[in-house]
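Here the protein sequences line up with chains A and B, keeping their order.
Per my numbering, residue 1 is the first one in the first sequence, and the count goes up by one each step.
Per my numbering, residue 1001 is the first one in the second sequence, and the count goes up by one each step.
Read the hints as simulated data drawn from the structure, not as lab findings.
One or more hints might be untrue.
[As the list claims (entries may be wrong)] Here are some of the chain B residues that sit facing chain A, going by a computed Cβ distance under 10 Å:
| hint | residue |
| --- | --- |
| 1 | Thr1033 |
| 2 | His1052 |
| 3 | Leu1082 |
| 4 | Thr1142 |
| 5 | Pro1160 |
| 6 | Val1198 |
| 7 | Leu1263 |
| 8 | Gln1274 |
| 9 | Leu1276 |
| 10 | Gly1303 |
[Unchecked claim] Here are the simulated DSS-like cross-link-like pairs (lysine-lysine), alpha carbons at most 25 Å apart as the crow flies:
| hint | chain 1 | residue 1 | chain 2 | residue 2 |
| --- | --- | --- | --- | --- |
| 11 | B | Lys1124 | A | Lys258 |
| 12 | A | Lys50 | A | Lys198 |
| 13 | B | Lys1298 | A | Lys16 |
| 14 | A | Lys109 | A | Lys213 |
| 15 | A | Lys213 | B | Lys1084 |
| 16 | A | Lys168 | B | Lys1014 |
| 17 | A | Lys16 | B | Lys1124 |
[What the hints assert, rightly or not] Rough simulated footprint, nothing fancy, chain A against chain B, three-plus residues with beta-carbon under 8 Å:
| hint | segment |
| --- | --- |
| 18 | 1053-1059 |
| 19 | 1178-1186 |
| 20 | 1205-1218 |
| 21 | 1254-1260 |
| 22 | 1279-1287 |
Glycine included, every Cβ here is placed at the ideal spot set by N, Cα and C.
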Amino acid sequence: MDILVFVKRVPDTESKIRIRPETNSIIEEGLSFVLSPYDEYAVEEALRIKTAKGGKVVAVTVGREESLVILRKCLAMGTDEAVLIKDPLPETYDGLRTARVIARFVQAKYPEAKLLLFGKQSVGADNSQVPSMVAELLGIGQANVVVKLDIEGDTATALREIEGAQEKVSLTLPAVISAQKGLNEPRYETLKGIMMAKKKEIPIVPIEGLGLKAEELAPCLAVVKMDQPPPRQAGRVVTGEAAETARQLVEFLHNEAKVI
Amino acid sequence: MILTYIETREKKVKKASLEALSEAKRTAAALGTEAAAVIVGTGLDGPAAELHSRGASRVYCLENAALESYSTQDYAAVLADLTKKLNARAVFFSATAMGKDLAPRLAARLGVGLASDCTRVSAKDGALEFTRPIFAGNALLTFRLTCSPLVASLRPNVFPVAIAAEGAGETIRETVELPAARTRAQVSEIIQEGGAEVDVAEADVVVSGGRGMKGAENFALLREIAELIPRSAIGASRSAVDSGWIGHQHQVGQTGKTVCPNLYLAFGISGAIQHLAGMSCSKVIVAVNKDPDAPIFKAADFGIVGDLFQVVPPLKEELKKLRG
């Protein structure tokens, strides 16, 4: 069973994000970049399914050459192959454009893939758009925010998180699945894996070569501005005897803030 | 027209959907157009009546026995058909678990982009500008969508519900056809988690614990506080979740849930960037922490520098007094 897992390079979640207002973009200098945390669950799940059912796992990203680093990480974790779809544009925050690129890539290169795995969202753009959009463009079923996945022949059962409950989703394959924390515990790369990953060749597919029309590659989102959110005003801080501070807190919540 | 997709759970309209509908009405008025609601499934009379009493003058009910349980692709298909038929200018969702799953599928079916998880919608020169937090709230992106119709999902607990007492309204029922699909997915069962606990993303008040809680057993203290506050839920920092003290569905922050409650109570949470990002849209933030230099105090409206294990018992007593 061939499994594609789609990944993205994002700033580390501990990074302090700074903005360059002239370009409406974040300042990348000084940031460290990682494989988006939810994508790690997707890679791990792909590897586990491969171990159980056989087949091939291919990690794919859409981005600039800087993204090769996260593909090396996927290879070091154990994916069989990795592909960079080379996109000259920086972040567009437009999920549809990325989804069109991915759907076309799947149709052109991996029409037989049984499972398309994603993280439930990329950390950063936080759009949660691409998995659902790819499923629609390919006309296949989907389950997002999945915490448990069972594959049986050409069908799958996924548990997905909703508010205060889980939905059990029954799917036929091929299907799109997006991973949530809790799906598994991602493995660390081994030294041997890292050495092997260094030697592997990563094919680069130029985005222009996929046969998409210019209007399909044009973002349908026009950025007006990017700003820093207004800082919260630091409020009052009290110290002292516990009972008295608790009394002051409830007094504040009830009479001033009026939230309880 | 601006259509708002209304989500129901056990035949009741979700509050988050009413927030989206309220914002759709405001936006429609600013653009000089109308707002309407759309519900999908079976047995929609109850929700339709509820929507009329909440000020939706026009409600579309898309019915088909096969839509009784949720299927993203089928729901997206029937919504796309209605959107095209009405030539709707925009479709709004609430960015709930269902909204985040469904809105992008509809947008792709319509061949348009999506403004997801917006915290502001403003009409400017007859067009709409959307603002949404990115990098988990460390930056705000304001943009326009250049395709039509506009599809947007709105973050829950951000937009106020405007209750108009119109009472009556028009219900338009349609029996809809489902398209063929290459492969399918459908919800076969909903599994409730322990009891009727409010989800952290939907709660009015979040009582949250971090590394300072010292162990799983101490989360019972937070549950005792939550029991004294209506519509409250238990949250947690990443380090508490990664220590195995509480399930990840409670995690607030960049790799957990983003929450915007009326009140966020942080016990023993230092306030790492990735945690602050997930809760800084809360209306009121309270922090209890032993460390006076903890970054959480910079975000808090009210802070207590002290031992949470000392503060929680008298806090419970004060809350009990308040409830009389």
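Against the structure, the hints come out as follows:
Given hint, Thr1033/B at the interface with chain A, is violated; its Cβ is 21 Å from that chain's nearest Cβ, farther than 10 Å. Hint status for His1052/B relative to chain A: violated, with the closest Cβ pair at about 25 Å, above 10 Å. The closest approach between the C-beta of Leu1082/B and any C-beta of chain A is roughly 16 Å, which is over the 10 Å cut-off, so the hint fails. Against a cut-off of 10 Å between C-beta atoms, the interface hint on Thr1142/B holds, since the closest Cβ of chain A lies about 4 Å away.
Checking Pro1160/B against chain A: minimum C-beta separation of about 15 Å lies over 10 Å; hint violated. For the restraint placing Val1198/B at the interface with chain A, the shortest Cβ-Cβ distance is roughly 7 Å, inside the 10 Å limit, so the hint holds. Of the supplied interface hints, the one on Leu1263/B holds, with its beta-carbon coming within about 4 Å of a beta-carbon of chain A, less than 10 Å. Taking 10 Å as the C-beta cut-off, the interface hint given for Gln1274/B holds, the closest approach to chain A being about 4 Å.
Restraint check, Leu1276/B versus chain A: the minimum CB separation of about 9 Å is within 10 Å; hint holds. The beta carbon of Gly1303/B is positioned within 10 Å of a beta carbon in chain A (closest approach about 4 Å), and the interface hint is therefore held. Of the pairs offered as hints, the one joining Lys1124/B and Lys258/A is violated, with about 34 Å between alpha carbons and a cut-off of 25 Å exceeded. Simply put, Lys50/A and Lys198/A have alpha-carbon atoms about 22 Å apart, close enough for the 25 Å limit, and the pair holds.
A hinted pair counts as satisfied when its Cα atoms are at most 25 Å apart, and Lys1298/B with Lys16/A qualifies at roughly 15 Å. Between Lys109/A and Lys213/A the alpha-carbon distance is near 18 Å, which keeps this suggested pair within the 25 Å criterion. Simply put, Lys213/A and Lys1084/B have alpha-carbon atoms about 24 Å apart, close enough for the 25 Å limit, and the pair holds. Proposed proximity of Lys168/A and Lys1014/B is supported: the alpha carbons are some 20 Å apart, at most 25 Å.
Distance hint between Lys16/A and Lys1124/B is unfulfilled; the C-alpha atoms sit about 32 Å from each other, more than 25 Å. For the segment 1053-1059 of chain B, the proposed coverage by chain A is not satisfied: 0 residues have a C-beta within less than 8 Å of a C-beta in that chain, short of the threshold of three. Figure legend: the segment 1178-1186 of chain B, annotated as covered by chain A; annotation consistent (6 residues with Cβ-Cβ distances under 8 Å, at least 3 required). Counting residues of the segment 1205-1218 of chain B whose beta carbon lies closer than 8 Å to any beta carbon of chain A gives 1, which falls below the threshold of three, so the coverage claim is violated.
Three residues within the 8 Å Cβ limit are the bar, and the segment 1254-1260 of chain B against chain A gives 3, so the coverage statement holds. Against chain A, the segment 1279-1287 of chain B contributes 5 residues with a C-beta closer than 8 Å to a partner C-beta. That satisfies the three-residue criterion, and the hint holds.
Violated hints for the displayed structure, listed by number in ascending order: 1, 2, 3, 5, 11, 17, 18 and 20.
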